[in-house]
Amino acid sequence: MKRIHIIGIVVIALAIGMILSTFADSSTYASFNEALAEPQKEFHVVGELNKDKELEYNPEENVNRFAFYLVDREGTERKVIFNGTKPQDFERSEQVVITGKMNEQVFMADKILMKCPSKYNDGSGEMKEFKAEPAATTSL
Amino acid sequence: MEVDYIGEHLFWGQAGHFFTALSFAAAFLAVIAYIQAHYAGLAEKNQWLKLGRLGFRLHTLAIFGIIAVLFYILFNHYFEYQYVWQHSNTEMPMEYILSCFWEGQEGSFLLWTFWNAILANILIRTAASWEASVMAIVSMVQVFLASMLLGIYFGGYKIGSDPFILLREHPDFMNLPFVKSATYLSNLDGRGLNPLLQNYWMTIHPPTLFLGFSATLFPFAYALAGVWTGKLREWIQPALSWTFFGISILGTGILMGGAWAYEALSFGGFWAWDPVENASLVPWLTMVAGGHVMLINRNKGDSLVTAFFLIFITFILILYSTFLTRSGVLGETSVHAFTDLGMSGQLLLYLLLFIWLPSAFAIRSETKKKIWLIVSALFTIISFFYFSKLLIAAFLLVSIIIALGSLNKQLKSETEEEHATSREFWMFVAALVLLVSAFQITFSTSTPVINKMLSGGLSNFFAWLNGIWSTEVFAKMAEAKLAAPSDPIEHYNSWQLPFAIITAFLIAVGQFLSYKKTDIPRFFKRIWLSLFLSALFTVIIGVFMNIAQPLYLLLLFASLWAVFANADYFIRVLKGKIPKAGSSISHIGFGLILVGSLISAGKKEFISKNNTAVNLGEDFPREENVLLALNDTVAMGEYMVAYRGDSAKGIHIYYNIDYYSKNSDGSLEKQFRLSPFIQMNPRMGNVAEPATKHFLGRDIFTHVTYAPLEKKKTKNGWKEAKDFELQIGDTIFTSNSLIILEGIKKDLDKKAYAQLNEDDIAVGAVLRVMSIDGNSREIIPIYVIRNSSIFSIDASDEKNGVQAGFFKIDPDKETFSLRIREKEDPNKEFIILKAIVFPGINILWTGSILMAIGTLLAVWVRIRRKSKTSHAA
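Read top to bottom, the protein sequences are chains H and S.
With the working numbering, you'll find the first sequence wraps up at 140, consecutive numbering, no jumps.
With the working numbering, you'll find the second sequence wraps up at 873, consecutive numbering, no jumps.
By construction, these hints were calculated from the structure, which means they are not laboratory data.
Some hints here could point you the wrong way.
PhoX-like mimics (lysine-lysine), calculated; alpha carbons at most 20 Å apart, straight line [to be verified]:
#1 S:LYS412 - H:LYS2
#2 H:LYS2 - S:LYS409
#3 H:LYS41 - S:LYS481
#4 H:LYS2 - S:LYS300
#5 H:LYS101 - S:LYS481
#6 S:LYS231 - S:LYS409
Counterexamples of contact, computed for chain S against chain H with all Cβ distances above 10 Å [said to hold, decoys possible]:
#7 PHE11
#8 GLU95
#9 ILE124
#10 LEU185
#11 PRO207
#12 PHE384
#13 LEU506
#14 LYS516
#15 VAL543
#16 LEU627
#17 SER664
Note that the structure is predicted; figures quoted are calculated from it, not measured.
Positions of the beta carbon are idealized from the N, C-alpha and C atoms, including for glycine.
Chain S on its own, in the form it takes in the complex (with noise of 0.2 Å):
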């Protein structure tokens, strides 16, 4: 049955498709077009590179289409399209609008497409000889990263996700009653943005780390493009910058995304490990490792191999980690992955493939070539018919092994070994730590995938070994089910710290080692003033912080010298001059990011000390949440704290949180407000979000755990009534108040009361209700006859939490029988709260701006000092 829908936008969609369908075809031309222009000769490459540009630049048309068309539906509110309905709501900020956009895979996918294509397009214009080579690379990303959004079924593959598609047609919502109205728009507001993100750092983290990601792709096309080409030097070069770029942009992301989860997350840091988080580190240490090695190569003309492999490496790291975030196998791992949208057996096809192509360009000889290319090929059918990990694993391995194996070959040079006092030694040694570190985070991040893996095969191989020789490793091996470490910040730091603690040491001294020989003399005699500048300020920063865990004084003393010995190095070489200072002034930042984490996550301090509860024994041994009662006053470190009541602003409930200071007479002074808040959600959970407050030296981090939501809601949630006969004078004694019987009243004003009639008999029973806190209110339960019938009109008073009935008197007695009840919970309002001083946080932060200031200084000085040769030639 057709149904005729009212109110949708049919046109956006169609416009969408076509979009996407072109920025596909598009990207298709400019890879054949720019592997023609590779292989022809000289007279049609012109030609060939003309056809390739024209591609290119319909592609990246395409892709601003394509995002025009869906800011416009959000902008507009379409939520006709599933996109829009699930990503974003009416009662959003518009300002949050960005953070919809990429909130969805296929979102943060044309994120990634479009920086890729804004780069490539500034690539065109300085490439020159490298241009078709290295667009093909470039291009044939483009085509896969373009498939992503296709959302195409490929015989009975799904190819992509289409970010245009309707909600009545999703496979979702296709069957539910709903959307078979032909009104189903007029009231539908969409699912919501996840309040998580409904912060600033979430319009300008995901760009910033998508840029940092396009930004490996381009010394990796370039690499890749050296070994096609046989350019196997020249490529470093003109790779430089871009690596340098890459560097600076990911690591300013990934700190913007530190930044994100300090301000908005109850994490209680910067850094928590999360697997997401990891993900994005892993690349950038590697493609550190590889730009260090890049500047020996191009300073010593070696260690070439160990270059390509971390240039590979990093841009295959990053398909990876898009990979683990958004294939859902960390599911369970990790709070912030995406969930799965069917697409990883294809995100898993485009990783296989560029970890197999530097292999198939690498081989020289033609006959070995063709032989491996039939080889792969062979594997490939078979792997259709039989599907095996570990064979697959095996193939890559290989393949790696073919790759780096023929450079090594080709690139055997009788090069002496590099002396000891060397830069070009060490430098190499940092970029092996570098590279070490993230192998561990890589290996530990990855559990989930070694239990695919282990499950497909080699546990029973594990199970065997550990029959003949039985370990806790082989057992756990054979079992397949390992989960993440049970403490992962203690797994990771134990690991980390001492590569944190080895790397600082080598960017203090790095600077100060001359390439191929250093004089020693010269260098103790430069080098003793940092040294004993920072031995002093561990020593004094180390007592006045009651540092006392060796490993934790090394790191302090090792970045502190780091920070020294850089600064020493631009004042006194140097001589102050910035455009030479780029290194020198990010190895300062790193270092500031060294101590500035060190201090603020190692000297953290819970002063949300719970003093009062019950200890649950040694497992448990701290408590670091307090509760606060309304209008209490409790000390936490050295403020004064008392809980002033929330109220509420939207969606929005905000806790007002008052921190006093004790003058010396003892009497408090009020010092600042924090109102941590809920976001009230009920599409999305609840969610209680931090507030800060920022001194120079220090954070105030404030964070409700909880608050009693559930209980506001429920207004009758009365204890059981109880009975009292009573006389005139008589008290009653309730968990909270005191209830005095003062008195009979006969002469009621019948007309004051609704329920009254002008005949009933009515006799109110006046009470007084006292709170242990002073405050007293009279209430009148009033006792009716009316024909034969009796009942009680009941009284109550809210704020002590009391309900009296009045429902019989004994005349002969004088008694009068009440019946009262109390309020559930004594309407007494609390929270509860951690409260968490970061010390020194403004040093991270100020080392991450240094960091990133001082890796695009040196990209700036590389370019520039480029375009000057090239218009002196």
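Isolated chain H (complex conformation) (with noise of 0.2 Å):
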């Protein structure tokens, strides 16, 4: 066997390997009925900011909690928690593309990417995101 057919299989063993993880690493779109089936894994859920309730956020008591309510595609509405700061302008957002897990009924969020609708021009308005505070993610 040629070195090059060796070299071949470890670069499709690899790729192999790259898809499965990005699978396996991919997060889901789904509900908040879906994520509170399976509250142990990560979804992203897509919905609407309910404007009527509150948004929740003193920031001389904690600046890195933000709660508010949004209802998903499906209609469910959920009390949302996000361990970071409030997102300029959130009341404006249009539509809400949070990250996290389900714990009880709260869904607790560590992303945050919302739509703003433009006045103007519909479908076109401009994309935001938020994180949340890393868990530890660079720590050496």
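Grab the two chains, each in its own frame, and use the hints to assemble them into the complex.
Here it is, written out as structure tokens:
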């Protein structure tokens, strides 16, 4: 067997490993109910902010706790707690994508991606991303 | 009903349309003429070439025309044009007009077309015998790009998006009432430029990146022309300069994007594995791999099929990344993708065509070629009636296999296997590592596309597979609702870190290996010095910066070795001769980029730790934001930091933050002030931008994560009033002050109060409001009897947030009733801040500059050598 064949096999094995790891690492779009069924798993939930309910943010007490109510695409409403500062203009958001896990009846989000409406042009809102405090990802 | 609109400048739109049509038609003419020139006999060839050049020059002029018109209408704020209205406004500083130009998709396509045309004009002068075939391909790409600006409807399909469309004719606005008014322009202002793009990097990053994109077309065109003309080996030589030019420019463009993200975005770093960033990194990786394989071929004469593959895939990946970022597919996963303009179908079509094209050219046998063309035509017809993503994917796969297979057959040679110590063997391995790395990034970035593919039929297959062998992976694929990795940085780093380590090791040893076979004792003799130095520095930096993770240490070692070994090679082997040093310098640069990103990203430190906040538990162990109240001093890292208030300047609100160092006697000494700001933009939302203090060894990055903008606007946020019955000398406590009733004033000067009449009865209560920090003020609310009605003239102390009313006097008990309100928010300003120290980021920027210089040097030397040999001959 030529060396090039060995390299070829290694490359193919790596490629398969990558594909599998992408699927394994990838999170899934889901509704609150699906997320509740598997509370240990990370999900992306797409929904709309319930603007009638109060947004809880008291930076004097804790700058890194922001809570709001989100209605997912199935119409289920859940309280969402985000471990981070309140994104500027959050009230204006049109669509929100949150990433995180269900904890009992509350969704603990560690990432918020929000789409703000632009006044004139429907469908071309700006996307903005807000990350929670990372859980020690960069400590050496 | 026809309306005579007032103040429109319709001439410019017509001029723009004329140039757009001309650029399309002229490019088309160039394609036809160049194809004819390629097939024509010697006698006619020159005539066709002349026509092709004429067509292409006309096309180039038309592009200049489009650009000039677009700039003209942007400069003059002609908001009747949708593009001008959408991307600019009158408030915007003029220096960002360039950013407006390429903020929109049409502008960015225009920029791309422009660079292609410029480079192609250089190619016309230099290509010699390659001109006809290469320019036919380049002109074809230009036809497609020009069509992206046409904005015409063809059988229900929209072709291109017209940058000169009038606002009142744009489908989104034509039915709105305001465009029905003849004077709608009189007070119309544009929507404005995305605040994030109002940054100097945004005036140079896109043109550089697009020049890099353009540069990938030329190696591709040469390679494809090589297949077309059967000159399967000869294309390498002329294409090499273009490839390394592309590597240099595209790499610089990508790093400028990183610099922009670092300066203007709140990512907290220069690279976030955002899909849009990845989309331009991947073709760069494959182009670097391709360039190196081309070098192997130049020196050893093999690995040609790999070179073809890498150069083809680079251009196709550029198209693919254009598709990803402009089709709206990434909508939910990326922050800065373009929104869909309905051109994704068109883009996809071009992408498919360029994947298929090599297979059509590669088949040598005439009969087989005919069969394949017929199969392809049949497939196209079938796809019109029965559109299946799966079928298309299968067809493309077959095309690629046919292309590579027939190339392989034609190039089959009896070359010996490379020796395990040869330079070409390890260069080839490095190229494969880059390819695999590119594959990983592409695959992970493409989850939205994979979802589309899966839902096109494959998901049923995986559901079935999951039924037989149930795993999480199959289950996820069956659902076809994959989202991006929940921790993308971790996901990408875990794969890319080992690749970076291997690449750095290969860069370190590469130059010391010889083609064919390396003399091992000599190799070690030359390499030990750099090996020793990098080991030494790894230990020093590792201990000094407290790096403990083995893979990080290994990367540090490998990239330091890459730097030292190449520096050593430059000094000892090349004896400091600059013209030969292109590859050494660029490899030193690449090594420094790795060292710099490892140190700055791996050892970044959040100095804004919040020590007081309540911890939310195990899920959220770290706090990186800190609350800074006005004029309070807080310890952050080695600094004491104070927030000194905000100042508005135009649409920006600057938050002034002073950094102090502590002297040994405990006194504070001001070091510097940072003013991160929030841009107030009612149309696009408010955007916070960081401020950074640059030192030689590190940067201090400061970013306002939250400022209570909303509360500032509402002045009447008062708490519910409380009533108090007081005697003179009594004290009331509010949340942040005390109020003493000092006395009663009966002889008020009624003329001083606008609300009082001469015959009112008015009594004032003299209140002293003392804040906790000691300042005191007197306020006098007034009790008024007018005719038979009683009312109070309230008095307030804005600074302490207290308002008092005086509504009752009880003469028997000698008590006075006061109504006190407090401000909802005790008027204490605060901001929430994130501050990060990035050590060693200048190593990264130095490396970037060296890499760009090194690759350009190599290109320049190659061109000079070529022109010398051609002069000699």
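Okay, the hints, checked on the actual structure:
no.: 1; hint: S:LYS412 - H:LYS2; in the structure: holds, 16 Å
no.: 2; hint: H:LYS2 - S:LYS409; in the structure: holds, 19 Å
no.: 3; hint: H:LYS41 - S:LYS481; in the structure: holds, 14 Å
no.: 4; hint: H:LYS2 - S:LYS300; in the structure: holds, 18 Å
no.: 5; hint: H:LYS101 - S:LYS481; in the structure: holds, 17 Å
no.: 6; hint: S:LYS231 - S:LYS409; in the structure: holds, 15 Å
no.: 7; hint: PHE11; in the structure: holds, 26 Å
no.: 8; hint: GLU95; in the structure: holds, 22 Å
no.: 9; hint: ILE124; in the structure: holds, 39 Å
no.: 10; hint: LEU185; in the structure: holds, 15 Å
no.: 11; hint: PRO207; in the structure: holds, 23 Å
no.: 12; hint: PHE384; in the structure: holds, 28 Å
no.: 13; hint: LEU506; in the structure: holds, 13 Å
no.: 14; hint: LYS516; in the structure: holds, 15 Å
no.: 15; hint: VAL543; in the structure: holds, 12 Å
no.: 16; hint: LEU627; in the structure: violated, 5 Å
no.: 17; hint: SER664; in the structure: holds, 31 Å
Violation of the numbered hints given earlier is confined to hint 16; every other hint is satisfied by the structure.
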